[in-house]
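Undergrad: Just need the whole structure built from these sequences, with the hints factored in.
These protein sequence lines are chains A and B, in that order.
Using our numbering, read the first sequence as starting at 285 and increasing by one per residue.
Using our numbering, read the second sequence as starting at 87 and increasing by one per residue.
Derived by calculation from the structure, the hints in this document are not laboratory data.
No residue lacks a Cβ here, since even glycine has one placed at the ideal position from N, Cα and C.
Take these hints with a grain of salt, some might be off.
To be verified - Label-pair ranges, simulated between beta-carbon atoms:
(1) A:A485 x B:L264: 43 to 49 Å
(2) B:S245 x A:L328: 39 to 45 Å
(3) A:T459 x B:P168: 43 to 49 Å
(4) A:A485 x B:M114: 38 to 44 Å
(5) A:G562 x B:F167: 18 to 24 Å
(6) B:M114 x A:T459: 36 to 42 Å
Unchecked claim - One side of the interface only, derived from the structure: several residues of chain B facing chain A at Cβ under 7 Å:
(7) M87
(8) G89
(9) L183
(10) L192
(11) Y289
(12) P307
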Amino acid sequence: MSSSTRISKPLALQDPAIVRWGLIGLALGFIILVLFLPLISVFLEALRHGLGAYFAAVVEPDARAAILLTLEVAAIAVPLNIVFGLAGAWAIAKFEFRGKSILLTLVDLPFSVSPVISGLIYVLLYGAHGWFGPTLDAWGIKVIFNITGLVLATVFVTFPFVARELIPLMQEQGTEEEEAAISLGASGWQTFRLVTLPNVAWGLLYGVLLCNARAMGEFGAVSVVSGHIRGQTNTMPLHVEILYNEYDFVGAFAVASLLALLALVTLAAKSFLEWRFGDRLSGGRAH
Amino acid sequence: MPGFGLTLGYALFYLSIIVLLPLAALIMRPAELGLAGFFDTVTTPRVLASLRVSFGTAAIAALINGVFGLIIAWVLVRYEFPGKRLIDAFVDLPFALPTAVAGIALTTLYAPNGWIGALLTPFGIKVAFTPLGIVIALIFIGLPFVVRTVQPVLLDFESELEEASASLGANRLQVFFLVILPSIMPALLTGIALAFARAVGEYGSVIFIAGNMPMKSEIAPLLIVSKLEQFDYAGAAAIAVVMLAISFVMLLVLNLIQRWARRHEDRSR
Numbered sequence: 285m286s287s288s289t290r291i292s293k294p295l296a297l298q299d300p301a302i303v304r305w306g307l308i309g310l311a312l313g314f315i316i317l318v319l320f321l322p323l324i325s326v327f328l329e330a331l332r333h334g335l336g337a338y339f340a341a342v343v344e345p346d347a348r349a350a351i352l353l354t355l356e357v358a359a360i361a362v363p364l365n366i367v368f369g370l371a372g373a374w375a376i377a378k379f380e381f382r383g384k385s386i387l388l389t390l391v392d393l394p395f396s397v398s399p400v401i402s403g404l405i406y407v408l409l410y411g412a413h414g415w416f417g418p419t420l421d422a423w424g425i426k427v428i429f430n431i432t433g434l435v436l437a438t439v440f441v442t443f444p445f446v447a448r449e450l451i452p453l454m455q456e457q458g459t460e461e462e463e464a465a466i467s468l469g470a471s472g473w474q475t476f477r478l479v480t481l482p483n484v485a486w487g488l489l490y491g492v493l494l495c496n497a498r499a500m501g502e503f504g505a506v507s508v509v510s511g512h513i514r515g516q517t518n519t520m521p522l523h524v525e526i527l528y529n530e531y532d533f534v535g536a537f538a539v540a541s542l543l544a545l546l547a548l549v550t551l552a553a554k555s556f557l558e559w560r561f562g563d564r565l566s567g568g569r570a571h
Numbered sequence: 087m088p089g090f091g092l093t094l095g096y097a098l099f100y101l102s103i104i105v106l107l108p109l110a111a112l113i114m115r116p117a118e119l120g121l122a123g124f125f126d127t128v129t130t131p132r133v134l135a136s137l138r139v140s141f142g143t144a145a146i147a148a149l150i151n152g153v154f155g156l157i158i159a160w161v162l163v164r165y166e167f168p169g170k171r172l173i174d175a176f177v178d179l180p181f182a183l184p185t186a187v188a189g190i191a192l193t194t195l196y197a198p199n200g201w202i203g204a205l206l207t208p209f210g211i212k213v214a215f216t217p218l219g220i221v222i223a224l225i226f227i228g229l230p231f232v233v234r235t236v237q238p239v240l241l242d243f244e245s246e247l248e249e250a251s252a253s254l255g256a257n258r259l260q261v262f263f264l265v266i267l268p269s270i271m272p273a274l275l276t277g278i279a280l281a282f283a284r285a286v287g288e289y290g291s292v293i294f295i296a297g298n299m300p301m302k303s304e305i306a307p308l309l310i311v312s313k314l315e316q317f318d319y320a321g322a323a324a325i326a327v328v329m330l331a332i333s334f335v336m337l338l339v340l341n342l343i344q345r346w347a348r349r350h351e352d353r354s355r
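TA: The structure is reproduced here in structure tokens:
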């Protein structure tokens, strides 16, 4: 979000200083209470018993397994949604067809589904008593309580991020440049790679950033399909829960602090993209 | 332009596997309970209580976010103060911070021996492990939805209207409540609705602070999880369908109100 430039307003439109500073104080107080204190407390609790205990908790084998699994799940889920986002945005933005608005609604749908329900739907399909569960089980394929289930649930909750960023951006850019490239003899793939992709690169990065943050931090959906097997199907957020429930607060907050750092890096990168490449991101973004 | 068949085909295929097929399974599953069985499952006192907790706390949190989200958006758009850009970026923290992290941090802060909890205990106010704790977690989750929906509209607000009403003798409060607020109302309502919709289904940040006492501070998503742990798939799906249906109807009603408000506004111009 760009901040407004200071315009000198007529006196009648200026709020009295007491109102101005009162509201600023109220806003800052609320932000400190609701957002800042919880964030700070994560780091303070993690370091409560010193740096040694902190690092010991982070490199402990189960924590390491959780970190690796989280990276693995995100490394599969995010590219899947990138491919969908690019394909979907190409079809929706560059062509006119019937049912487009229904398709757009369906793309947004996962955002309005509770995380727990996002996990539940895959259990209903692939769980022991699910539609396909018994058949797949007979073939020796396990989806639920396995990384496959974690990936599916993660793909669902992060489904709209990339597409949502790319669709309006590609719509704004129209089809002129692509049509020019094709009339000059470029193939469809060349046009996409050399014309479209560079045009949407920053928007794509922006979408991937948000997609990745959610993929690594998702809790509810993966909690339902994980089975919580330590060292095997526990992602970082699930590991935080287990440690916390075992009263290992330093351990829980140490792993949580890594996720908090990821959030801060994501916010910084997001703000940087908005500040530096704001004109090359899609306008009217809700996030 | 090439590639229409390929890209649309792939998008539809992917959408079907990831979204449509699983949601179909969700909607079909409760059928095995029969109509009476479905009704019995979702009207047990415990389920009704959990729905009340989920929707009630989400509504309270969304309204509080409506007030403070508006104030924050107002301050960020209208006033200058040091650190403003940093604060502006920081508002998105709940979008980026994993919910489980927010959950344990808030629980630690508001527990009776926590930084904030210890301040409230002498007054007999208990936050953690009560519905009040759920509200706190949902305020955290929902705040950016209101700020980010109101902010762009406030930024685009035509100051001529404001100037005109001021030059006609309206004081600041009148200008705000009679000119500015009505025109940002649709955005504010949308923001509140988004925060509400998100809060209704929220799980990660809530389960730590809620205490999860049946009938008192147990949220509907948690009940879905416990049904699932007992392999009662149909029961879990039944509660999920009811949750989705209530959210859907509420958003629909809000949409209608907004459409009505917009028409009303157009006519009065």
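Undergrad: When the hints from earlier in the document are held up against this structure, which numbers fail?
TA: Failing hints: none at all.
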